[in-house]
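Construct the complete structure from the given sequences, taking the supplied hints into account.
From first to last, the protein sequence lines stand for chains A and B.
According to our numbering, the residues represented by the first sequence are 1 to 748, in order.
According to our numbering, the residues represented by the second sequence are 1 to 748, in order.
Hints were generated in silico from the structure; no laboratory data involved.
Don't take each hint at face value.
Copies of the same chain are indistinguishable here, so a pair counts whether it falls within one copy or spans any two.
Below, computed lysine-lysine pairings styled on DSS-like, alpha-carbon distance capped at 30 angstroms [said to hold, decoys possible]:
| no. | residue 1 | residue 2 |
| --- | --- | --- |
| 1 | K371 | K565 |
| 2 | K565 | K653 |
| 3 | K89 | K581 |
| 4 | K371 | K619 |
| 5 | K208 | K581 |
| 6 | K51 | K653 |
| 7 | K574 | K371 |
| 8 | K469 | K69 |
| 9 | K653 | K208 |
| 10 | K598 | K371 |
| 11 | K598 | K89 |
| 12 | K517 | K298 |
| 13 | K565 | K669 |
Number of protein chains: 2
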Amino acid sequence: MFSLFSSGQFSTGEIVALWTVLGTAIAGLIYAIFLMMQVTREDAGTPEMQKISNSIRVGANAYLFRQFKTILFLILLLTAALYFTAGEKNVAIGRACAFLMGSIFSASVGFIGMNLAVRGNVRVAAAANRKSFSDALKIAYRTGTITGMLTDGLGLLGGTIIFMIYGTRAYEVLLGFGFGGTLLALFMRVGGGIFTKAADVGADLVGKIEKNIPEDDPRNAATIADNVGDNVGDCAGMAADIFESYEVTIVSAMILGWASFGHKGVIFPLLVRAIGVLSSIIGTYAVRTKEDVRDAMKAINVGFILSAIISIIGFSLVGFFYFRLPSETVHSFWINLGVQGLDMRPVWTTMVGILLAITLNRVTEHFTDTKNEPVRSVAESCQTGHATNIITGFAVGLESTVWAIVVISISILISAFIYQGTNPTFVAYGVAMCGIGMLTLTGNNISMDVFGPVADNANGIGEMAHLNKDARQILADLDAVGNTTKAITKGIAIGSAVVAAISLFNAFVTDISVLTKQTYDFVAASLSVSLPNVFVGFLLGGAIPFLFSSLTIRAVGRAAFLIVKEVREQLKDKDVWAGTKLPDYARVVAICTAAAQKELIRPGVLAIAAPILVGFILKKEALGGFLAGMILSGQLLAVFMANAGGAWDNAKKLIEDGAYGGKGSETHKASVTGDTVGDPLKDTAGPALNPLIKVMNMVALLAIPIVIRFENSPIVFWSSIVLTVLLVMFVIHQPKSEHEAQAYSKCQ
Amino acid sequence: MFSLFSSGQFSTGEIVALWTVLGTAIAGLIYAIFLMMQVTREDAGTPEMQKISNSIRVGANAYLFRQFKTILFLILLLTAALYFTAGEKNVAIGRACAFLMGSIFSASVGFIGMNLAVRGNVRVAAAANRKSFSDALKIAYRTGTITGMLTDGLGLLGGTIIFMIYGTRAYEVLLGFGFGGTLLALFMRVGGGIFTKAADVGADLVGKIEKNIPEDDPRNAATIADNVGDNVGDCAGMAADIFESYEVTIVSAMILGWASFGHKGVIFPLLVRAIGVLSSIIGTYAVRTKEDVRDAMKAINVGFILSAIISIIGFSLVGFFYFRLPSETVHSFWINLGVQGLDMRPVWTTMVGILLAITLNRVTEHFTDTKNEPVRSVAESCQTGHATNIITGFAVGLESTVWAIVVISISILISAFIYQGTNPTFVAYGVAMCGIGMLTLTGNNISMDVFGPVADNANGIGEMAHLNKDARQILADLDAVGNTTKAITKGIAIGSAVVAAISLFNAFVTDISVLTKQTYDFVAASLSVSLPNVFVGFLLGGAIPFLFSSLTIRAVGRAAFLIVKEVREQLKDKDVWAGTKLPDYARVVAICTAAAQKELIRPGVLAIAAPILVGFILKKEALGGFLAGMILSGQLLAVFMANAGGAWDNAKKLIEDGAYGGKGSETHKASVTGDTVGDPLKDTAGPALNPLIKVMNMVALLAIPIVIRFENSPIVFWSSIVLTVLLVMFVIHQPKSEHEAQAYSKCQ
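What follows is the structure in structure tokens.
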């Protein structure tokens, strides 16, 4: 590391900047450790509560260990494969190590974050039990912040270290780092998503609908699995997902920054991120409420806005005083603010990113919050039955995805406009910086997100441990806020995936132009949608998210079917039904775990193999079209599923709060159907599309040199055709009918 | 017309060919008239049956007249507007007239076809009443063939006449013809789609679910409206839709044929179409079954295969003997079959098109037929309730759209591969010829499609007129076959829309290159998805089908809400409930009609305005991206909705036939929910996307000269921004809540 510094590749100012960034990353991690100690020091509640919490923790850990074991082999295999994708030995070792580091970091964020969440939940319940709303909020939110700061810290640390070691070659190594994080996130998202919804749907179908017992009723054998699911899905999965968006945006900004402005173009986004870490520390620590106010949402929002303001001031100052990017002579006042040589454009694009994050939050909130018309119309439509509820929610989801696209489109246009009249890589850098800006407040976003499952679990523990009414009310209130914050951060996660994917796509074009020794414009021209192979690539790319979603949704269905059968079986035991004997929670967790691991394989193979095969069969231009089509339909589908699901969920909540007949009415039953339909969409299929989009872009970036090398090889072409046929047969051969599901259940 | 012929623009051979085509078109129309006489001559059943049939006919006509009145003003306005889009006076008059002709033809196909359908239905019921399965099948199918031959005849007639009159300038006039047909189809599809599903959902929600009375029970005030809806939606709407696909593919093939091969490139597709007309006449007339066999599906399939074989032989002969396309010297045996100067490539691409049609039929059948695994899995999932049914159908729909895309992609690749190594317009011509081939058997396809609502209506009349059990069984069997054929042709309609849209897209690129006096390659290069404005256009284009679907689905919801209220109100009358007094059917028809007209406006304005505004604000390149994104997401969404809907529909049928508990069970109730959810998707939103895709492409083609002319005008730019804001406000301001729906119901 130091050898490069002394080689004079970096100026003194740059060295100071890099060490500052590194220091900030470490400060973020130290803050996370500080919060860990703070949270674990809190009162852990009554023995009964602890027992329940322990069951959840043991289940969650069992799941994650199994998950890591399943993918360990693949990770090692890919580490070796990545070694061979790079030409030079130095870079090859770096890329393989970076890949390993990326996956370990991503896994750690998920693993540690989840472990703290399952410790935090019982402490939140305990705080509620001693009737302190403010303590309960603080513990729940800070538990989330731990994961948030881990994401910030590790993401920044990895990128900075690689850049410090590899300097000019960092780009090739960073790819490995990004891919590691992304791939792990894909598996955590898909596996976690299948687990959580299989448990949830299974628990609800038997409990709420068949037997008319409340959610989290201790007699329901799937309750613990359901709570475990919240942690492995919403907590570990989401954290790994945002971690990799965080990572991928920095990787693409560094790649494009390097191509546009050299060192300074790389260091600026790192500094922006460092400011983000500091502002998140301050903003998240400020989240608190008074006992007589009890407004959790407001407290969280205040923290968010505080962080946003600090960030904007921070990187304006960095842009203005420290970081004068060299560029062509610039005369416009809005670019140099009248100061010779100053270039504020990176600052403006970063601000566009922050505004994009805030606006996307608002869009998601509009479509999924109980206060607004969309959710109200969904709730209202429950009056005419199950079907009209589904139709209305479907329409709400379709509409919401349009507005998300519009907001993202406008941000991209403004970012590109800021760099108008410059060359295409500058424009691409502008879009990448928009992505950097968007994820500046990752610390806050993850805090808000993880707050969701922690509050949800605390509420579950409260129900199972029969806490008093006051405590239950506190927990129910926090749970409701958690649902909203969880839904809001989904919008950011998906939006950032698209912006990151667009940056990766630009990196892909840059890459082809370097590899084929042709100009960027020439390569860009070959990606015209008016060419049949590009158009076909584009059609096929667009179809992938649909196929992927079909696979994950069906996987949830199959797994849930096993849970339903198991819970029904256990409820037949009269002692369990009477509540005198606890059901076998662990068995349900084990079934879920096994099912999720099995169901992971098809989507996983599809995600890695599809772009490579498209490249080999239809050539690099079609691969470009493939990526574009996939980003488009992935974004549309992901937001549609997330928001339709969110709207159904909250429509049910609205009715449970007494609207249109309230709990137990026919209207309520219709709303439960909507919620159940929405669950796999919003918590499995939709969120799994974020890492999918990025994994495929990453695979394409890594595979493109090989694709170009074997462009004219008939052997590669024909063997790819054969592999495609095999892949298709493998993917479509799903165990579908009851018989197969039974057979499948036996082999666990 | 004759002046051009004598001017020597055409050779004698060409003149003969053109008159032959014209003669065939007229022969098709004469055959349609012959069938009309044949059908109307049949026994029209008992007075009771006739009374019911008359109610349906009166309702359907009232609807169509109102519809035509609503859009008459718009059509006249656009006729005038189109006059000003063309530069030269001669062309301007031609384009305006062609637009009018296109709309009138499209309207006529819908209007006459529907009128015959509502006459055919009672005759089918009468035939069943005298226990003749073969007569019932023949009448139902031939009623459909009337519409089929009208489509074939008028589509071919219009294109040929325009080409004969305008010769080298035909391209600019044909645009008007295509746009007229397309626009009318959009309105018929959307308006008819809203009408039919509002009536259907409304009837089912009150009848089947609330009151537990069977479908088509005469006490349900919405039954007549439901039957009217089948005609205005599935019959008039679908016929207009396929008519315009037929028209648009011929227009784009003629445009691209002209650019590639001059006259011969234009006349070849016309001849292929003429062969299609002849083979459809023979194939459709051959559809019949024996009284002891009673296999309607087999009879229809035999006719289809017969037509396919005749077509393939026919155009192989034309390609081989008569039509030697001049091209570069060709040496490959597969191109010239060893004959000097022969070019079989147009023949091969046309065959690819026929194969595509057949394969798409199979894909649709796989996912929507009761015999296959997907529908069985949906039916099975009804056992665990409403929600699992929806989830499974959702996943089936998602998967099906992938396979449709794969099939279309492979066809495009093969068509492009056939022209490999030539210039891009040749390749585009190949893809266009694939579209021509795909719609060769339009006569058969429409017969199959219209057969659906005719059989459905006949079954309804049978139920309402209390026919005997044997007759009812015949009608039920035909109805079931009709459901399958209807679903199958939907696949063709959507697939052809995409292939046509891709051809239009290529015509769009050709057009820009002519207008900007730049090479095709240069223009193609400017449409690279790696450019931010193209990518943004592409994102926005992708969002349009989602917005459009949301609008149409919500429109159905609002209209259905009015019907539910009306039917409930009428059922409160004790005499109606006892069956001693007929409900006021006409009132429900009137409500549906008024609602459909109102709900038409938003989607209609969106479809016409969006591409123009995108062109003005984001420039021509972004408009290219916009079209590409729209084609992709439109295709994905349309097939998804059509097949998910089809699967839910047939899953219900499967259960009604006794599977998993049969009629009346909880499983059955869950399956009804799926069917009701699927209805607006498969019969309103999904099918409306076909004309939408083509209308937007057409608008873009017509608007592109103006977009280029005002490219640098700030006034146009800013006024477009203002108009966009107004459009957005108009589109999002939908009457949503119950209060608004009530207010809205009063103003009818």
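Hints, one by one, checked against the model:
1. K371 x K565: This pair counts as between: shortest inter-copy Cα distance 27 angstroms, intra-copy 37 angstroms.
2. K565 x K653: Both: 27 angstroms inside a copy, 26 angstroms across copies.
3. K89 x K581: Neither way: K89 and K581 sit 62 angstroms apart in one copy and 90 angstroms across, limit 30 angstroms.
4. K371 x K619: Intra 50 angstroms, inter 39 angstroms, cutoff 30 angstroms: neither.
5. K208 x K581: within (20 angstroms within a copy, 43 angstroms between copies)
6. K51 x K653: within (29 angstroms within a copy, 50 angstroms between copies)
7. K574 x K371: neither (43 angstroms within a copy, 41 angstroms between copies)
8. K469 x K69: For K469 and K69, the Cα distance exceeds 30 angstroms both inside one copy (42 angstroms) and across copies (64 angstroms).
9. K653 x K208: both (14 angstroms within a copy, 28 angstroms between copies)
10. K598 x K371: between (40 angstroms within a copy, 29 angstroms between copies)
11. K598 x K89: So K598 and K89 fail the 30 angstroms test inside a copy (36 angstroms) and across (68 angstroms) alike.
12. K517 x K298: neither (54 angstroms within a copy, 59 angstroms between copies)
13. K565 x K669: both (21 angstroms within a copy, 21 angstroms between copies)
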